[in-house]
Every structure is written in C-alpha cells, then in structure tokens.
Amino acid sequence: MNEAERPAALWDVFHSNRLELERGLSTESIRVGLKSGALDEDDLVRPAGTTNPWVRIAEIPELMAPPSANPAVAAKTPPANPARPETATAAPRVATDYEVEVDESLTSAPAATPMIALRETIVQGNELDDITFPVIRDDSVSSPPVPPPPSAASTQHPEPPAWIWEDDDDHDHDEHAPDSPAGLEIIDDDSQDAIASRQQPAPSVKLEESSQASLSALPVVGSRDRDQFAQDPPDEEEQFSLSRSGPMTVEELDLAPMVDVALQLVLFFMVTATTVLFKSLEIPKPSPETPPPAVTQGRSRTLDDLKDDFILVEIDSGNAVKIDREPAPADRDALIERLTRAREKTGRKAMLLSTDYRTLHRYAVLACDAANEIGLQIKVATPAPPQPTKGPGLLGAPASPPANAPVAG
Amino acid sequence: MLLRRDSNENMDEHIDMTPMVDVVFQLMTFMLFSMQMSSAAKVDVPPARHGVGVEETAATFLTLTKPAVSGGESTLVIGYGDGKPATLDEAREAVAAGVKAGRRKVVLQADGDVSEGEVIKVAAAVSKVEGITVHVGVQDLKGTP
Numbered sequence: 025m026n027e028a029e030r031p032a033a034l035w036d037v038f039h040s041n042r043l044e045l046e047r048g049l050s051t052e053s054i055r056v057g058l059k060s061g062a063l064d065e066d067d068l069v070r071p072a073g074t075t076n077p078w079v080r081i082a083e084i085p086e087l088m089a090p091p092s093a094n095p096a097v098a099a100k101t102p103p104a105n106p107a108r109p110e111t112a113t114a115a116p117r118v119a120t121d122y123e124v125e126v127d128e129s130l131t132s133a134p135a136a137t138p139m140i141a142l143r144e145t146i147v148q149g150n151e152l153d154d155i156t157f158p159v160i161r162d163d164s165v166s167s168p169p170v171p172p173p174p175s176a177a178s179t180q181h182p183e184p185p186a187w188i189w190e191d192d193d194d195h196d197h198d199e200h201a202p203d204s205p206a207g208l209e210i211i212d213d214d215s216q217d218a219i220a221s222r223q224q225p226a227p228s229v230k231l232e233e234s235s236q237a238s239l240s241a242l243p244v245v246g247s248r249d250r251d252q253f254a255q256d257p258p259d260e261e262e263q264f265s266l267s268r269s270g271p272m273t274v275e276e277l278d279l280a281p282m283v284d285v286a287l288q289l290v291l292f293f294m295v296t297a298t299t300v301l302f303k304s305l306e307i308p309k310p311s312p313e314t315p316p317p318a319v320t321q322g323r324s325r326t327l328d329d330l331k332d333d334f335i336l337v338e339i340d341s342g343n344a345v346k347i348d349r350e351p352a353p354a355d356r357d358a359l360i361e362r363l364t365r366a367r368e369k370t371g372r373k374a375m376l377l378s379t380d381y382r383t384l385h386r387y388a389v390l391a392c393d394a395a396n397e398i399g400l401q402i403k404v405a406t407p408a409p410p411q412p413t414k415g416p417g418l419l420g421a422p423a424s425p426p427a428n429a430p431v432a433g
Numbered sequence: 009m010l011l012r013r014d015s016n017e018n019m020d021e022h023i024d025m026t027p028m029v030d031v032v033f034q035l036m037t038f039m040l041f042s043m044q045m046s047s048a049a050k051v052d053v054p055p056a057r058h059g060v061g062v063e064e065t066a067a068t069f070l071t072l073t074k075p076a077v078s079g080g081e082s083t084l085v086i087g088y089g090d091g092k093p094a095t096l097d098e099a100r101e102a103v104a105a106g107v108k109a110g111r112r113k114v115v116l117q118a119d120g121d122v123s124e125g126e127v128i129k130v131a132a133a134v135s136k137v138e139g140i141t142v143h144v145g146v147q148d149l150k151g152t153p
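As you go down the protein sequences, you meet chains A and B in turn.
Here the working numbering is used: the first residue of the first sequence is 25, the next is one more, and so on.
Here the working numbering is used: the first residue of the second sequence is 9, the next is one more, and so on.
No lab work stands behind these hints: they were computed from the structure.
Beta carbons: idealized from backbone N, C-alpha and C, even for Gly.
Take the hints with a grain of salt, since some may be wrong.
[What the hints assert, rightly or not] The calculated lysine to aspartate or glutamate pairs, modelled on EDC-like cross-linking and capped at a C-alpha distance of 20 angstroms, are:
#1 K303(A) / E63(B)
#2 K309(A) / E98(B)
#3 K136(B) / D332(A)
#4 K346(A) / D332(A)
#5 K303(A) / E64(B)
#6 K309(A) / E138(B)
[Stated by the list, open to error] Pair ranges (Cβ atoms, derived):
#7 M28(B) / I398(A): 51 to 61 angstroms
#8 R112(B) / L279(A): 38 to 48 angstroms
#9 A344(A) / T37(B): 42 to 52 angstroms
#10 M25(B) / V79(A): 42 to 52 angstroms
#11 D97(B) / L289(A): 51 to 61 angstroms
#12 L279(A) / G139(B): 43 to 53 angstroms
#13 D90(B) / L277(A): 42 to 52 angstroms
#14 V290(A) / E64(B): 16 to 26 angstroms
Same shape as in the complex, but just chain B (with noise of 0.2 angstroms):
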C-alpha cells in the first residue's frame, strides 16, 4: 500500500532575519557601551551631587589629563580626551571657533588628580574669549572623594 505524498509541497525557504537584526543591534549596543567605558577610564572627573547636563553640541570641550606620575605634568587635549596635546593657545582658538559657530560653552574635563591651579590656569586662558561660560566636568556621586 502505497499513500502518495503530494511531491509538490511548498518548502518555506524564506530566511528570517529577525535573528541577525537582534543580534546587530546587540552588538551595537555593546559596542556603544564599550566605548564608554573606555572614555571614563582616561578621565576621572571628580563626582558631585548637582551637575547639570551640556549637550555635546552646545559646548566646546577642554580635556585635562592626569599627570602620569604624581605631581607630574598633565597635558591638555582639545576634545574627549582622545588626539594630541595642545597649548593654551590652541585651545583658546578652538573656543573661539566653537562661539563662532554657536557653542558659547567650555566643558572642561579635568581629571580628579589634576591640580587646581592648571584647571583655573586653562579656564583663565580661554576665559580671554568673549561669550563664554566655563564648566567643570563631573559625575554621578558615587562616594565620597
């Protein structure tokens, strides 16, 4: 006895991606949040309870290394902490460009360990352009200093 089966079933060959759309995303996020944890790790701004957020657009941003011995020299970096040292005056040129194209603040990311006479001696500098105001960047408070 022999019950035929249809030979011309219709075989689903349609591949799902939903599985490889999960799993980009994943990698994306996991990517985005790599990146900042790396960021963190060079700049170790000191925590406090009441800063406010500055958009990324809406500021210049100063970053302040720690020195890499204690009482050592730190070095100042135009940006997120990432490319080559500059001077003050470059970093007084580079606010002045950020006025000129509407960011008309300083974000400073001075890391903890970096005095405060460096810090005060770079917002001075930039302090030279008009139209400015100066931060100091923080974080969450975690614990005491």
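Next up, chain A with everything else stripped away, as it sits in the complex (with noise of 0.2 angstroms):
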C-alpha cells in the first residue's frame, strides 16, 4: 500500500507563534501547511485525540516530506476521529470534512497543477472549544465525503453546500463574497496574499501547484474565538490554552494588617495608661504653724503623755529605729512584727512618728508603710528644724545639728 493509499493520520496542531490548536489534520495537510508557510517547524503537533506529548514538526519525518503531487490524495478526506467516539454519536452533523470546489474556469487547466483551497470544519456536537470553526451542515452525506477528481469537478456543477454558521456573524462573510450565492470565496493570487497578510487564525490551507491556476474556494473565515469568549465563555476544564492568564483577584480582606495595628494599639494605650498612675502613700497633713519654742521645750514630758494613746516610733538621725523607746531593726518585717506585738499588748491603735529633721525620708516611709501593713492609724510629728549655723537652705532649712520639737500632725 503506497502512501496515497493509506488512511491518513490525523493530528492536532499547536501554532506556536499564535498559541492556536488547530485540530485534526491530515499529514497531507500539514505537508501542504508547511510549504505555503501557514505552517511552520516549530509549531507543535501530536496524534489527534490524543494526550501525548508535544513534539514539533521537524521531529517527525513523515510530517517534513514533501506534499503529495496528486491533488485528490491531499484532499483526501480522512474519516472521522476513532480516537473520539463520541463524535459518533453526532454522525449526521459530526464530521471532519474537505471540500475541494473547483472553478469552472479552471477545465482546461492540467489536471495536476490545480489549485485547491482545503476547509477543514471540526465541529464536535455542540462542545465549545477554544478554536471556532465554521459549521458545514450536509445531511445528505453521512460518510465523509470523498472529493471528486478534478476531471469530474469540470464537467459538473457541484451544488452549492449549505452552510450554516454556529455563530451569528454572517455579515463578515457576506462583505467577502457578495456575489457568491453559496457564500464562497474567490481565491486567486492576490486575495491569497491577502489573506496571509491578515493571518487568519482559521485553518486555510492551500496547494499552489500552479500559479495560472485560479479556483473557487471555500470562504475564508477568522476565527471568533474572542467573541466566542466574550458572549459565552467556556468551562476552564475545556478551555484549553498554553497563554498565562491574569493573577487570580482575591477578593477576601485580608485582616492580618488591621489586627496588627490594633494589638500595637492596645500595648501603646496599656503603656500609656501606666505612667499616668503614680503610686503615693498618703499621709497625715503636717500642721502649717510653727512650733513654738514653749513646746521644744515640753518635748519629753509630751511624748511621754501620748505614749498611752499611739505607739511611739521614733527615727533618730542616724536612722537607728526605736519603738516606744526600744531599739527596733529598720527592716519591714521587723517592724510589722514588733509593732503588731504593742498593738496586742496595750490595745493602741495608731502610731505616731517622730524623726529627726535630718532623718532619710525612705526610713519615714518604711515606718508608714508597716503602719498601714497592720491597720494602723499614723500620726507624723513635725521635726523641729536644727538651729542654724551657716545659713539657711534652700528650703528655709539650718544645717545644723537639729534641736527636735514634736508636734502631732
């Protein structure tokens, strides 16, 4: 069996330079393809209906031969897909079809140099594919039909196929051909010029076997895809399209920016809110008047009439603690033990606190706070400022050695 003889493959095309599939073409096509230049060596191809990998032209031999010098061997047309049986199901509008229609004019031309401008029409029920062809209705031939010698196309008038298109742009190709009752084309060289000029994405593949020859044509028809698209557009799973397509939209909030103000917030008003919060401890108000020095000198006899009613705690300069004129240790729990013992003893429920002028005022404050530890109600003595012996102080203060006189507070 010679090559012509053989059923032809069919193969699923991928045109590199305008990311387009183009489905099920013969060898024979690709061939034709490839010397007219609607084909390149870098385009991709792989047996139709199939998932194999992608190899390109120019690594399968049989692709690169030179087309077939008989006009009905390249027109042949190759039956349907087996490799896509549910095309089978679809049989009267199913089919893969080339119609080969000869000129009139063209009678006296050789037989072997014609030319034939190949439409190849795919149309798979009604699936939508990424590539839009033309939809070639003819109910009276449910086989793939098999194309006339050109000897017969001479001498009879093939009928004018019904064409039916799926989509709703017939306008376009009534401005090709307006005098074309069965809407075909008139090709000749210039129109082919043209035509490769626009680049039409739709599968037109042409033999120019001679360059006298002139012929009448399927219609040229672009591919709609981005009309397609536009109006109705396909599910992703059957879109198929090697084109990187946008970044997704991510339409949720994110919130992690907004949480992480709101917690830096939160520890700005909590740091805020802590140094406007001064610890005191609050203490008795010291009498404004001074003592006068009748009393300075009633010191002793004083103290000893109120150590019936407080307990005496008495901080000399030196910081050396007494209670109730006991040595007592300057240390917190010392204090709150022994003061809690006078408590118990003599039922006295406040302290009074006498320092020195000259007394730190953190062994003033120790004393206060074991006071409060334990309940009690605490009284401050005013320390009578020391005498002065070289001048005062800022304060109003003498730095001499004090000549304490009590006064309650």
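Could you use the hints to bring the two separately framed chains together as a complex?
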C-alpha cells in the first residue's frame, strides 16, 4: 500500500506563533501547510485525540516530507476521528470535512496543477472549544465525502453547499463574497496574499501547484475566538490554552494588617495608662504652724503623755529606729512584728512617727508602710528645724544639728 | 519554539505598609519606656507595699530631688522633676491653682535620700491650701531600703 492509499493520520497542531490549536489535520494537510507557510517547523503536533506530548513538526520526518503531487490525495477526506467516540453519536453533524470546489474556468487547466483551497471544519456536537470553526451541515452526506476528481469537477456543477454558521456573524462573510450565492470566496493569487497578510487564524491550507490556476474555494472565515469567549465563556476544563492567565483577584479582605495595628494600639494604651498612675502613700497633713519654743522645751513630757495613746516610733538622725523607746531593726518585717506585738499588748491602734529633721525620707516611709500593713492609724510629729549655724538651705532649713520639737500632725 | 509569555502580566505595585506601621509603633513604645526610665532615674522614691495609684490628671505633683552631696540642699520642682527650682510660695500657688482646677491631691515625689524634715516642711507649706490631701510618692516594693 503506497502513501496515497494509506489512511491519513490526523494530527492536532498547535501554532506556536499565535498560540492556537488546530485539530484533525491530516498529514498531507500539514505538509501542504508547511510548504505554503501556514505552518512552521516549530509548530507543535501530536496525534489527534490523544494526550501524547507535543513535538515539533520538524521532529517528525513523515510530516516534513514534501506534499503529494496528486491533489486528490492531498484533499482526501480523512475519516471521522476514531479516538473520539463521542463524535459517532452526532454523526449527521459531526464530521471532519475537506471540501474541494473547482472553478469551471479550470476545466482547461491541467489536472495535475490545480489550486485547491481546503477548508477544514470540525464540529463535535455542541461542545465549545478554544477554536471556533464554521459548521457545515450537509445532511445528505453521512460519511466523509470523497472529493471528486478534477475531471469530474470540470464537467459537473457541484451543488452549492448549505453553509450554516454557528455564530451570528454571517454579515462578515457576506462582505467577503457578496456575489457568491453559496458564500464562497474566489481566491486568486492576490487574495491569497491578502489572506496571508491578515493572518487569519482559521485553518486555511492551500495547494499551489500552479500559479496560473484560479479556483473557487471555500469561504475564508477568521477565527471568532474572542467574540465567542466574550459572549459565552467556556468552562475551565474545556478551555485549552497555554497562554498565561492574569493573576487571580483576591476579594477576601486581609485582616492581618488591621490586627497588627490593633494590637500595637492596645500595647500603646497599656503603656500610656501605666505612666499616668503614680503610686503614693497618703500621710496626715502636718500643721502649717511653726511650733513655739515653749513646746520644744516640753518635748519629752509631751511624748510621755502620748505614749498611752500612740505607739511611739522614733527615728533619729542616724536612721536608728526605736519603738516605745526600745531599739528596733530598720527592717520591714521586723517593724511589722514589733508593731503588731505592741498593739496586741496595749490595745493602741495608732502610731506616732517622730523623726529627726535629717532622717532620710525612705525610713519614714518604711515606718508608715509597716503601720499600714497592720492597719494602724498614723500621726506624724513635725520635726523642729535644727539651729542655723551656716545659713539657711534652699527650703529655709538650717544645716545645723537639730533641736527637735514634736508636734502631732 | 517560542511560547510567548503574556507581556501584560499585571505587576503588583502595591506597597505593603504593614511593616512600616509595625516599626513605627515599636519605636513609639520604646520611646515611652525610655522616658519612664529616665524619669525614674531622677527621683528614686522610696519603696512601699501599700501605695495606691493616683491619676496624673487628678493631682498636683511636686518633686524633691536629692541633694547633690550628702547633707546638702534639696531642690523643689513643680511637676515631675523637670523644670526650674521653685520656692515654697510658688509650690503653694501651684497647689492652689490645682485645687481650682479640681485637683485636690498633692503628690510629693521625694527622693528617698531627702531628709524627712524637708518633706514635712514642704507638706506643711502646701497644707495651708484648704481641701487637699497630701501624698508622698512611692514605688513598688523591690527589696529592703
């Protein structure tokens, strides 16, 4: 069996230059396309209806062979795709057709050098695909038509096919071929160049065996991919495209930055709140009046009088602590223990704090804090300023040794 | 073979402001803590276990810093330790102004090394203003004095 008689294999062709897929091309059609420039060696092919990896046309010697000189073989209609059984259920409409129409003026042209324009149409039911092709409805042909030999075409007038387009853009084709009742376009050499310049994405495979041939061909229909997608976008599973899609739009609001800011604000206010709070210890207001000297002279007696009502806590200029005239350690826990014992022994519920003028403030606060620990009332005796020897200080206090006089606050 | 890449691929030119905001807030927090530490270094108020919190806006603050040398003079400042030295009369006027503004508490932030006689002297001076309560500033108990 020679090559012309062997059943033509079908190929799916991916045009690398325009990222379009064309399905069901025969080997001979690919050869013709390579020769005419419609296809390139870098275009990708794989057997039709399979998931085999794509390979370059140049890597398949069978496709790189020169096209057959017999136009009948070149235009031989391949059978329906056997790898896609679903097409059998839609046999009346689903077909892969190559239709060849030869102009009457070519009756005198040599049979070996006709120019035949092929138009391949693939319809697989109502399935949407990324490639849109015109639908040819020819109910009279249930099997793939066999193109008549050129001699037969020269003697018989073929019936105009009933062209039915799936889309509604028929007016475009009417503009191309206003005089053709069948919507056919007469392709001559000039129009071929024009078609090539427009780079119609639809499969248009032409055989140029003779420059003087002038044949009527099937209408040239551009791909309507964009219009088809804009009106009725196909499902993602059915859409096949190697072109990169745009970034997905994330409509969900990202809450992470807001949470960050909120936590930072909380931390900020917590820190701010701690700064405005000052810990303090309330003390009785001392008498603003300066004690008279007579009171100073009766100091010891006054303290003795108050001893029955108050627990006397005295702190001298050396920060030594005495409780009821008995030395006590300057320690918080020890003071609490001694004050607790004194309260339980005598039933006194108040403390009289008598300090020297030069007693450090921290020891006075220590005594007051210990009294607060056990719930004693606090009275503070105002220390008498020491006698001036070198002059007054900043607050008017002399720097001389003190001569204290207690005044209960 | 050339598989063309979409030249109109959208580039994400949005600038993420979140790290900048985070850094700004961290700096603000650091500055707040730094200010608190520097203020505490000026006046080392004595520790106490039973201190109560006084809000900043509810009291008039007076500060008594420790003398530069032992046995030297203390400095009275109106406020939290920053400012020029004040006299007893100025402190009393400040307290009187605070009472008019609704601040009836006087917090005397006295350093632990200030003599108790000076603390009582200032407290007695401001006590001439009617309707106030006198407090001495303390800090959280950390150890023995």
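Hint check:
no., hint, result
1, K303(A) / E63(B), "holds (9 angstroms)"
2, K309(A) / E98(B), "holds (19 angstroms)"
3, K136(B) / D332(A), "violated (30 angstroms)"
4, K346(A) / D332(A), "holds (16 angstroms)"
5, K303(A) / E64(B), "holds (10 angstroms)"
6, K309(A) / E138(B), "holds (11 angstroms)"
7, M28(B) / I398(A): 51 to 61 angstroms, "holds (55 angstroms)"
8, R112(B) / L279(A): 38 to 48 angstroms, "holds (46 angstroms)"
9, A344(A) / T37(B): 42 to 52 angstroms, "holds (45 angstroms)"
10, M25(B) / V79(A): 42 to 52 angstroms, "holds (50 angstroms)"
11, D97(B) / L289(A): 51 to 61 angstroms, "violated (43 angstroms)"
12, L279(A) / G139(B): 43 to 53 angstroms, "holds (51 angstroms)"
13, D90(B) / L277(A): 42 to 52 angstroms, "holds (46 angstroms)"
14, V290(A) / E64(B): 16 to 26 angstroms, "holds (20 angstroms)"
Violated hints, in rising order: 3 and 11; the structure is consistent with all others.
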